[in-house]
Amino acid sequence: MPDTSTLQQERNSIYHDLFNNKIPKRVPVNIGLPFEPIAQYGGGDLLSAQWNPALVEEAADRVCQILFSDSCPFGGSLRYPSFYQTLESQSFVMSSNGFIQHPEVVAMLPEDYDYLIEKPYDCLLERVLPRQYKALNSDEPFNMAINLAKSLLCYQNDNMQAGQIIVKLKEKYGYYSGADRRSGGFTEAPFDFLADQLRGFKEISMDVRRRPEKVAEACEALYPIVFKKGMPASVDNNAAVFLPLHMPTFMREKDFEKLWWPSFKRMIDEYASMGIHCQLFCEDNWTRYLDYLYELPTDTRLMFEYGDPKLIKEKLGKKHIITGLYPVTMLKTNTKEQCLDKATEMLDVLAPGGKYYFGLDKNPLTINDIKFENLCAVTEYIRDNGIYSNAGETAGLAFNKDDYKVDPSASRKFESKYYRTWEDYKTLNPKVSDLGESKLQGFEELIFQYLIFLLL
Amino acid sequence: MIDLKEVTQAVGDLDENKLMEILNDFISGNPTEEEAIKVVNACQNGMAVVGELFEKEEYFIGDLIFSGELLMEAINILKPLIGSSSSDKVGSIVLGTVHGDIHDIGKNIFKSMSEAAGFEVYDLGIDQPVSAFVEKIKEVNPNIIGLSGVLTLALESMKETIDEIKGAGLRENVKIIIGGNPVTKDACIYVGADAFTTNAAEGVKICQGWVK
Chain A
1 MPDTSTLQQE RNSIYHDLFN NKIPKRVPVN IGLPFEPIAQ YGGGDLLSAQ
51 WNPALVEEAA DRVCQILFSD SCPFGGSLRY PSFYQTLESQ SFVMSSNGFI
101 QHPEVVAMLP EDYDYLIEKP YDCLLERVLP RQYKALNSDE PFNMAINLAK
151 SLLCYQNDNM QAGQIIVKLK EKYGYYSGAD RRSGGFTEAP FDFLADQLRG
201 FKEISMDVRR RPEKVAEACE ALYPIVFKKG MPASVDNNAA VFLPLHMPTF
251 MREKDFEKLW WPSFKRMIDE YASMGIHCQL FCEDNWTRYL DYLYELPTDT
301 RLMFEYGDPK LIKEKLGKKH IITGLYPVTM LKTNTKEQCL DKATEMLDVL
351 APGGKYYFGL DKNPLTINDI KFENLCAVTE YIRDNGIYSN AGETAGLAFN
401 KDDYKVDPSA SRKFESKYYR TWEDYKTLNP KVSDLGESKL QGFEELIFQY
451 LIFLLL
Chain B
1001 MIDLKEVTQA VGDLDENKLM EILNDFISGN PTEEEAIKVV NACQNGMAVV
1051 GELFEKEEYF IGDLIFSGEL LMEAINILKP LIGSSSSDKV GSIVLGTVHG
1101 DIHDIGKNIF KSMSEAAGFE VYDLGIDQPV SAFVEKIKEV NPNIIGLSGV
1151 LTLALESMKE TIDEIKGAGL RENVKIIIGG NPVTKDACIY VGADAFTTNA
1201 AEGVKICQGW VK
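Residue numbers (the working numbering), protein chains in the order written: chain A, 1 to 456; chain B, 1001 to 1212.
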């Protein structure tokens, strides 16, 4: 058994090879379990852990002891109840089993389109957020200010607690150390942002037929906001901006082509022109859109849920980095032997030529969603059998940021009376040292990031 | 005189403007109840066309949602003419999203399509405890139970629900279909359902097969 630091070096090297078009020594095994199954592991109480993320450390440590993964299996949670409940969220609520979920909500009305198109950020803050978060009630300005401050502090507190556990586990078990946290990001495609929490699934499906021009204009209006939301603070070839892709498979191709794709494609190209990679979760089955995905910048990381692995590898495998596709439900409903057969099939189809790392088609949401021993058997199998004989060779196409040019005038600029630039600040406060810029603008950005996160 | 084929086609084409124009013309001519029922049937036939186009992958979920809305609009226009008489139901379904899961888009699509196909649907709603299904089955004695769920955790809840239905001695009298993103053949066997589908139109066909 290699010592932890040797193991970590090996893991860092296989991930770096993966992200830099080289064949790695072996297929990286990337399992990130959500907060809930880890909290439940060994009988922990989910509700307590959600309110005090530090409580999961022991359970997370035990998971690390028995589950093989090259990346840290514990990644904290995006959705702690503290900040959502403080803000009286309508869009993230707890179901009867203590699991936070996103019900169908409508926070933007058809008559809001014109204002959204005219002043998108103002519309989000003045109209959408207060409908989505009842504690942001402008009739009670002081309570509103207190609630917002309290929720942001909850958000920071809970993420810090989970973050400390991740740092410890990475060190203790020698997991892939990952890129600098500031070089990653999280956002959505403009259309998905409009669909998910602004209009809702049902209403956006109506809008696509009833007012497609408004939908297209709204995507353009939201572009600078979602682009800025995902924008990392620093650029690193091993990092990525994560975007779950939601609506395309529910749409007709002609609607997708006209309304969903153009602003999304420009966004990914614009990131690429800056040397920034994206990691996309292609939810559902993207088979009919594979040719579109091919057009994305080289080395886009694509996580698939459903689809034919062979076809996906054939069409995209030389250009993009593929993961996912291993059916998580099998881990519950099938025998260990059947699960391992599936793992063999995945390796045979997806590993040749590199640009592949092992992952499940989606995360198990609770501990009962899988048989843990099946998951362990599968990841160990990939570790032992996903070995390359041609490590170090070039893997497919290489990424070059100069291949991507985006006309800056093609997109609207981000501006709002609710976002003060340093220049604005200096005009109002001429007696200010420029040493204040990084601090004040850092917090301005932090508030922006948090407010938009609340709508993701 | 209204052209019923045109009504069916407007629904099938999801042509909202045309359908509303035809229906508004129709009601302004003071039609009889019998005529109005024929128009409702023509709309329902249009929904079947939508289902077929969905299976052919010409329409997608977004279109099914729109079709449900369109049908509801049409029925709302025609309802005052039909009064209290209702057509015979082909069967009954107790439907709900199982406990732990709060998603309902798929369930609602299935509901509107099965209602359009002539089923009486008792929709319990989302995140429904096992007892809610058992109570409703005792109350309305349905032909079919539809269990819906989007999350992987829904499978366990489906199993618990079906186990409890068995425990209450109600399993023999009903067919059970599960629907939603995580369901597969293996999952269907695991939870003890009679059928599974990830496709609302197919689900309706399965149910129609059961009540023939």
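Derived from the structure by calculation, the hints contain no laboratory data. All C-beta atoms in this analysis are idealised placements derived from N, C-alpha and C, irrespective of residue type, glycine included. Some hints here could point you the wrong way.
[As the list claims (entries may be wrong)] Result set (BS3-like, lysine-lysine): computed pairs, CA atoms no more than 25 Å apart in a straight line:
#1 B:LYS1185 x A:LYS371
#2 B:LYS1185 x B:LYS1166
#3 B:LYS1166 x A:LYS254
[What the hints assert, rightly or not] Chain B residues, not near chain A, derived (Cβ > 10 Å throughout):
#4 GLN1009
#5 ALA1117
#6 GLU1139
#7 LEU1153
#8 ASP1163
#9 ALA1195
Results of checking the hints against the structure:
This hinted pair checks out: LYS1185 (chain B) and LYS371 (chain A) have alpha carbons roughly 18 Å apart, not beyond 25 Å. A C-alpha spacing of about 20 Å is found between LYS1185 (chain B) and LYS1166 (chain B), which places the hinted pair at or below 25 Å, so the restraint holds. In summary, the hint linking LYS1166 (chain B) to LYS254 (chain A) is not supported, as the alpha carbons are separated by about 47 Å, beyond the 25 Å threshold. At the 10 Å boundary, the C-beta of GLN1009 (chain B) stays outside the reach of chain A, the nearest C-beta of that chain being 16 Å off.
The beta carbon of ALA1117 (chain B) sits about 21 Å from the closest Cβ of chain A, which is more than 10 Å, so the claim that it is off the interface holds. Residue-level check passed: GLU1139 (chain B) sits 22 Å from the nearest beta carbon of chain A, beyond 10 Å. Not every C-beta of chain A lies more than 10 Å from that of LEU1153 (chain B), the closest at about 5 Å, which undercuts listing it as non-interface. A cut-off of 10 Å between C-beta atoms confirms that ASP1163 (chain B) is not in contact with chain A; the least separation is 14 Å.
With 10 Å as the threshold on Cβ separation, the claim that ALA1195 (chain B) sits away from chain A holds: the shortest Cβ distance comes to roughly 16 Å.
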